[in-house]
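S.K.: Sequence:
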Amino acid sequence: MARIDFYHLQKSAVEQALPRLLEKAYANGKPILVKIGNEARVEFLNTALWTYDDQSFLPHGSNKDGNAELQPIWLTSGDDNPNGAKMLFLVDGAKIDVADLPQFERIFNLFDGSNDENLQQARDFWRRIKEAGHECFYWQQDDAGRWQQKA
Numbered sequence: 361m362a363r364i365d366f367y368h369l370q371k372s373a374v375e376q377a378l379p380r381l382l383e384k385a386y387a388n389g390k391p392i393l394v395k396i397g398n399e400a401r402v403e404f405l406n407t408a409l410w411t412y413d414d415q416s417f418l419p420h421g422s423n424k425d426g427n428a429e430l431q432p433i434w435l436t437s438g439d440d441n442p443n444g445a446k447m448l449f450l451v452d453g454a455k456i457d458v459a460d461l462p463q464f465e466r467i468f469n470l471f472d473g474s475n476d477e478n479l480q481q482a483r484d485f486w487r488r489i490k491e492a493g494h495e496c497f498y499w500q501q502d503d504a505g506r507w508q509q510k511a
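Under the numbering used here, think of the first position of the sequence shown as 361, with each following residue one higher.
Quick caveat, the hints were computed from the structure, so don't treat them as lab data. Errors might be hidden in some of the hints.
What the hints assert, rightly or not - With a straight-line cut-off of 20 Å between C-alpha atoms, the simulated SDA-like cross-links for lysine to any residue are: (1) K384 with K424; (2) K446 with P419; (3) K455 with P419; (4) K446 with P379; (5) K446 with D502; (6) K424 with P391; (7) K490 with Q500; (8) K490 with P391; (9) K510 with W486; (10) K490 with R466; (11) K490 with V458; (12) K384 with K490; (13) K446 with P432.
Unchecked claim - Ranges between beta-carbon positions, derived for each pair: (14) Q509 with R488: 31 to 37 Å; (15) E403 with R487: 19 to 25 Å; (16) R506 with D414: 20 to 26 Å; (17) P432 with F404: 25 to 31 Å; (18) D460 with S416: 17 to 23 Å; (19) E477 with G438: 29 to 35 Å; (20) N427 with D502: 35 to 41 Å; (21) K490 with F404: 28 to 34 Å.
Cβ atoms here follow ideal geometry from the backbone N, Cα and C, with glycine treated the same way.
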């Protein structure tokens, strides 16, 4: 069964929270897929990952860059997994079918707590994956923007 972590964004935008979470995931040495809700946001986040911190580097790419199979972190709005990712990040309302979860060891679902549609989508996804028997963990930002696991 896959482990699914829900990250409830309350103090940061996706483009601020995603790079830090990706840094930690990338340290595991496993390929990562970032599935994004729409293609315009793919290129926005692709650029944001190059510029978020001049002291850090996250090797990544998207369709614009090519060589998907060589990219440690692949950004897409599609259902493809060309780099054989074992970790999946869902952002900006991106969805995955529960039947497709077993191809990943770990899933990170980042959702905007101020967006009612994103919040409802996260709740529905939580319910479906719990019914399927997957492990779910819920993380919420504290006042300083740090992640705190909630019961």
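S.K.: Hint by hint, which ones does this structure get wrong, listed from lowest number up?
M.R.: 1, 3, 5, 8, 12, 14, 15, 17, 18, 19
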